[in-house]
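Engineer: One letter stands for each residue in the lines below.
There are 2 protein chains.
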Amino acid sequence: MPRINGERLIQRLRKLATFGAYETGVHRPTYSPQDMESRRWLVDQYESVGLSAHIDGAGNVFGRSPRPGPAMLIGSHSESQNHAGWLDGAMGVIYGLEIAHAFSESEACRNMAIDPVAWSDEEAHFVPFLGSRSFVGDLGQAEIDAARSRTGQSLSEALREAGLDKLPRETIRPERYAGYLEAHIEQGDSLEATGKRLGIVTSIVAIWQYRITIDGVQNHAGTTRMAIRKDAGMAAVRLASLIDANFPKAAGTRSVWTMGRLDLEPGAPSIIPGRATMLFQFRDDEDATLLRLEETLHGLVREASQMTGCEMKMERIAAGQPLHMEASFQEALLAAAREHCPDGYVRMPSGASHDAQILGRTIPAGMLFVPSIGGISHHWTEDTDEADLILGCQVLADAAERILASR
Amino acid sequence: MPRINGERLIQRLRKLATFGAYETGVHRPTYSPQDMESRRWLVDQYESVGLSAHIDGAGNVFGRSPRPGPAMLIGSHSESQNHAGWLDGAMGVIYGLEIAHAFSESEACRNMAIDPVAWSDEEAHFVPFLGSRSFVGDLGQAEIDAARSRTGQSLSEALREAGLDKLPRETIRPERYAGYLEAHIEQGDSLEATGKRLGIVTSIVAIWQYRITIDGVQNHAGTTRMAIRKDAGMAAVRLASLIDANFPKAAGTRSVWTMGRLDLEPGAPSIIPGRATMLFQFRDDEDATLLRLEETLHGLVREASQMTGCEMKMERIAAGQPLHMEASFQEALLAAAREHCPDGYVRMPSGASHDAQILGRTIPAGMLFVPSIGGISHHWTEDTDEADLILGCQVLADAAERILASR
Numbered sequence: 001m002p003r004i005n006g007e008r009l010i011q012r013l014r015k016l017a018t019f020g021a022y023e024t025g026v027h028r029p030t031y032s033p034q035d036m037e038s039r040r041w042l043v044d045q046y047e048s049v050g051l052s053a054h055i056d057g058a059g060n061v062f063g064r065s066p067r068p069g070p071a072m073l074i075g076s077h078s079e080s081q082n083h084a085g086w087l088d089g090a091m092g093v094i095y096g097l098e099i100a101h102a103f104s105e106s107e108a109c110r111n112m113a114i115d116p117v118a119w120s121d122e123e124a125h126f127v128p129f130l131g132s133r134s135f136v137g138d139l140g141q142a143e144i145d146a147a148r149s150r151t152g153q154s155l156s157e158a159l160r161e162a163g164l165d166k167l168p169r170e171t172i173r174p175e176r177y178a179g180y181l182e183a184h185i186e187q188g189d190s191l192e193a194t195g196k197r198l199g200i201v202t203s204i205v206a207i208w209q210y211r212i213t214i215d216g217v218q219n220h221a222g223t224t225r226m227a228i229r230k231d232a233g234m235a236a237v238r239l240a241s242l243i244d245a246n247f248p249k250a251a252g253t254r255s256v257w258t259m260g261r262l263d264l265e266p267g268a269p270s271i272i273p274g275r276a277t278m279l280f281q282f283r284d285d286e287d288a289t290l291l292r293l294e295e296t297l298h299g300l301v302r303e304a305s306q307m308t309g310c311e312m313k314m315e316r317i318a319a320g321q322p323l324h325m326e327a328s329f330q331e332a333l334l335a336a337a338r339e340h341c342p343d344g345y346v347r348m349p350s351g352a353s354h355d356a357q358i359l360g361r362t363i364p365a366g367m368l369f370v371p372s373i374g375g376i377s378h379h380w381t382e383d384t385d386e387a388d389l390i391l392g393c394q395v396l397a398d399a400a401e402r403i404l405a406s407r
Numbered sequence: 001m002p003r004i005n006g007e008r009l010i011q012r013l014r015k016l017a018t019f020g021a022y023e024t025g026v027h028r029p030t031y032s033p034q035d036m037e038s039r040r041w042l043v044d045q046y047e048s049v050g051l052s053a054h055i056d057g058a059g060n061v062f063g064r065s066p067r068p069g070p071a072m073l074i075g076s077h078s079e080s081q082n083h084a085g086w087l088d089g090a091m092g093v094i095y096g097l098e099i100a101h102a103f104s105e106s107e108a109c110r111n112m113a114i115d116p117v118a119w120s121d122e123e124a125h126f127v128p129f130l131g132s133r134s135f136v137g138d139l140g141q142a143e144i145d146a147a148r149s150r151t152g153q154s155l156s157e158a159l160r161e162a163g164l165d166k167l168p169r170e171t172i173r174p175e176r177y178a179g180y181l182e183a184h185i186e187q188g189d190s191l192e193a194t195g196k197r198l199g200i201v202t203s204i205v206a207i208w209q210y211r212i213t214i215d216g217v218q219n220h221a222g223t224t225r226m227a228i229r230k231d232a233g234m235a236a237v238r239l240a241s242l243i244d245a246n247f248p249k250a251a252g253t254r255s256v257w258t259m260g261r262l263d264l265e266p267g268a269p270s271i272i273p274g275r276a277t278m279l280f281q282f283r284d285d286e287d288a289t290l291l292r293l294e295e296t297l298h299g300l301v302r303e304a305s306q307m308t309g310c311e312m313k314m315e316r317i318a319a320g321q322p323l324h325m326e327a328s329f330q331e332a333l334l335a336a337a338r339e340h341c342p343d344g345y346v347r348m349p350s351g352a353s354h355d356a357q358i359l360g361r362t363i364p365a366g367m368l369f370v371p372s373i374g375g376i377s378h379h380w381t382e383d384t385d386e387a388d389l390i391l392g393c394q395v396l397a398d399a400a401e402r403i404l405a406s407r
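In the order they appear, the protein sequences are chains S and R.
Heads up: the first sequence at position 89 corresponds to 89 in our numbering, and the numbers run straight through without jumps.
Heads up: the second sequence at position 296 corresponds to 296 in our numbering, and the numbers run straight through without jumps.
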């Protein structure tokens with residue numbers, strides 16, 4: 001069985017966290033100088049454990065084992081959200097590196113191929129899952145040309161500045177791989193709340209996202225009588241209240257829904273908002289529930305529009321499909337978890353999106369979660385106990401060996 | 001009696017609207033090149049009707065009659081809100097010019113002093129009522145040094161760029177003036193709705209304004225169960241709903257309240273907002289009502305905070321006093337209205353703030369409203385019938401003569 005080196009694992013995790021260090025977390029947006037520096041560092045790391053390595057035109061960092069394979073592709077994304085945590089993505093990337101290293105040190109595993117990978121822009125600074133989607137051949141040039149960052153920079157310009165525009169984008173040759181394994185922090189509190197240390201992922205939820213545009217009548221906040229107002233901001237409040245009151249009835253036990261953004265225009269203290277724009281999303285891993293929630297939302301938008309006299313336009317801007325993880329990979333992860341942490345594991349769906357749901361369309365995929373302290377993520381205070389970080393890596397290594405040995 | 005020249009009045013109004021023309025309105029922010037150009041044009045206009053004229057260090061444009069006085073100060077502000085109407089402020093400014101012109105052409109009025117004025121930044125691009133407050137001695141250097149525009153430009157820099165930083169700021173010598181008259185579009189629909197053409201202002205409401213900061217817990221929108229969320233955005237929705245439900249009970253018949261701005265942070269689709277910031281204001285012309293509304297707001301903030309578990313901080317960022325217009329000026333305006341438009345006028349409070357409430361602290365002040373078509377203002381579609389524009393100017397001129405003649 002491969003033995004991972006916990007001290008080395010933590011050392012490399014801490015080192016990766018120095019690129020774009022921010023408070024106790026990191027600020028490493030996709031293709032930023034800090035991000036590119038960390039990717040070049042990963043190339044060196046991959047090579048230092050006997051792999052060939054390169055960065056492709058999407059910014060993905062690939063380590064390739066000299067073994068014929070079939071190889072286990074293991075990784076996650078290495079960029080971060082803005083001012084976010086040191087483990088989100090980074091942990092799965094360093095797991096891949098450590099597991100490749102541990103396999104090379106193990107008599108029994110030396111002939112098994114581990115290909116570690118660091119995807120780019122899972123965090124959607126430009127395009128959600130840019131790197132993994134590019135790898136599975138699901139990213140067209142048109143989308144690349146149209147993409148801009150939240151700060152308005154065009155993707156093409158960012159790729160140029162990062163020195164990636166001349167490099168080819170690697171696409172998958174499925175026959176090379178036995179499958180894909182990704183480990184990630186849970187980013188929630190279910191494991192911590194139930195005293196578990198490992199989550200074996202059964203499925204990844206789909207995110208359905210909407211832009212709701214509400215048009216009222218912009219007017220003077222002092223001279224326009226309450227009776228005749230068509231306040232787009234208050235209409236948005238009405239809609240949000242209806243969602244708050246009615247979604248629990250339509251939701252599944254694990255459904256979540258969020259209004260992440262609400263903009264009132266013009267946004268001046270003495271002007272009645274003439275327009276409000278709401279970004280709203282919900283998530284579930286069952287198609288029936290997703291459809292029911294969308295139908296509910298449609299009805300509430302109609303109702304709020306009638307109540308307020310404001311016109312409301314609802315556009316669906318994203319609608320993914322839930323992905324169910326490979327059964328045999330779940331079994332291997334369960335067996336490894338049972339061995340290293342009896343009673344300390346649980347099967348659970350993932351409420352967050354991960355590159356595994358992109359890879360899982362093309363090759364078998366499995367995922368493992370470790371606890372997030374306080375359930376915090378997408379914030380620089382995000383953290384996980386070192387013991388859990390080490391346990392998770394050992395269990396993922398063990399599962400990889402079980403899968404490769406069974407072939 | 002002074003006879004104003006309607007054609008000339010409209011011509012000059014149209015001319016002023018060419019500075020920063022936008023659609024059928026204007027975009028003429030305080031101290032912008034278009035604003036300064038229009039102020040220099042006003043200097044020429046004042047001189048062309050036999051007045052001395054200059055721009056002071058606050059950007060106010062003063063026309064001064066050679067007559068000993070006491071003079072009637074007549075005007076309004078000449079900058080505009082962003083992409084706003086052609087009459088808001090501008091109408092009162094051109095009325096002052098036309099009335100000065102008409103008096104100079106009238107045998108009976110030739111010896112009466114009319115001092116037209118164009119105030120700066122009533123619209124608060126930098127500081128609300130900057131010009132009129134500077135003139136009454138209510139603007140300290142500290143406030144000037146601290147002020148920034150909505151776009152982040154410092155006031156000092158803007159004054160430098162406008163070439164005003166070296167000029168002295170004029171302050172009022174009350175003995176010069178019989179008082180201040182200001183005409184303005186109503187910016188509401190009361191006149192139009194009741195078929196009236198003139199509003200004699202009885203009082204100007206006070207605006208009490210608040211910043212309410214709501215702190216929840218920023219977290220991942222997919223992995224954080226609904227049960228444990230502290231969503232600052234939804235807490236803001238809860239508070240806004242409580243205000244919507246409870247303010248009507250506490251309000252006076254003419255009270256208005258508005259949430260003009262609501263910002264959710266970080267404002268990303270997949271992140272539960274950790275902070276929400278709300279700008280909220282209410283207006284009334286009775287102290288007792290203002291106090292009752294503030295007390296109600298305090299209670300609702302407490303209630304919403306308890307309901308949501310989010311901490312809410314409520315700061316009062318502005319609290320003016322209602323101003324009651326000079327009784328004798330109201331009488332003069334009523335008499336003039338009766339003569340020129342029997343049954344076409346009404347006494348009413350002003351729901352909007354105006355420079356008259358600043359001047360009214362120091363010298364007697366009166367105000368006249370003309371209708372806004374559709375009650376629209378602070379928008380480029382704002383407009384008023386030409387016949388009403390001309391009638392309003394004649395009535396204001398007539399009232400000015402009655403007041404000056406009575407001394």
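Don't take each hint at face value.
A few chain R residues that don't get close to chain S, going by computed Cβ distances all over 10 Å [to be verified]:
(1) K15
(2) S32
(3) A147
(4) D231
(5) Q321
(6) A327
(7) H378
Covered stretches of chain S, as calculated for chain R (at least 3 residues, CB under 8 Å) [said to hold, decoys possible]:
(8) 199-210
(9) 331-339
(10) 396-403
The hints are simulated quantities; they were obtained by calculation from the structure and are not laboratory data.
Glycine residues also receive a C-beta, built at the ideal position from the N, C-alpha and C atoms.
Engineer: Does each hint fit the structure? Answer for all of them.
Structural biologist: Against the structure, the hints come out as follows:
1. The claim that K15 of chain R is not at the interface with chain S holds, since no C-beta of that chain comes within 10 Å of its own (minimum 25 Å).
2. The claim that S32 of chain R is not at the interface with chain S holds, since no C-beta of that chain comes within 10 Å of its own (minimum 17 Å).
3. With 10 Å as the threshold on Cβ separation, the claim that A147 of chain R sits away from chain S holds: the shortest Cβ distance comes to roughly 16 Å.
4. Interface exclusion of D231 of chain R from chain S breaks down, the closest Cβ pair being 7 Å apart, not more than 10 Å.
5. Annotated as non-interface, Q321 of chain R keeps its C-beta farther than 10 Å from every C-beta of chain S; the closest such distance is 15 Å.
6. No beta-carbon of chain S comes within 10 Å of the beta-carbon of A327 of chain R; the shortest separation is about 23 Å.
7. Non-interface status of H378 of chain R relative to chain S is broken: a Cβ of that chain comes within 10 Å, the nearest being about 5 Å off.
8. Counting residues of the region 199-210 of chain S whose beta-carbon sits less than 8 Å from any beta-carbon of chain R gives 3, enough to reach three: the coverage restraint holds.
9. Interface restraint, the region 331-339 of chain S with chain R: violated (0 residues with C-beta to C-beta distance below 8 Å; minimum three).
10. Check on the region 396-403 of chain S: 0 of its residues sit with their Cβ under 8 Å from a Cβ of chain R, so the three-residue criterion for coverage is violated.
Of the numbered hints listed earlier, those contradicted by the structure are 4, 7, 9, 10.
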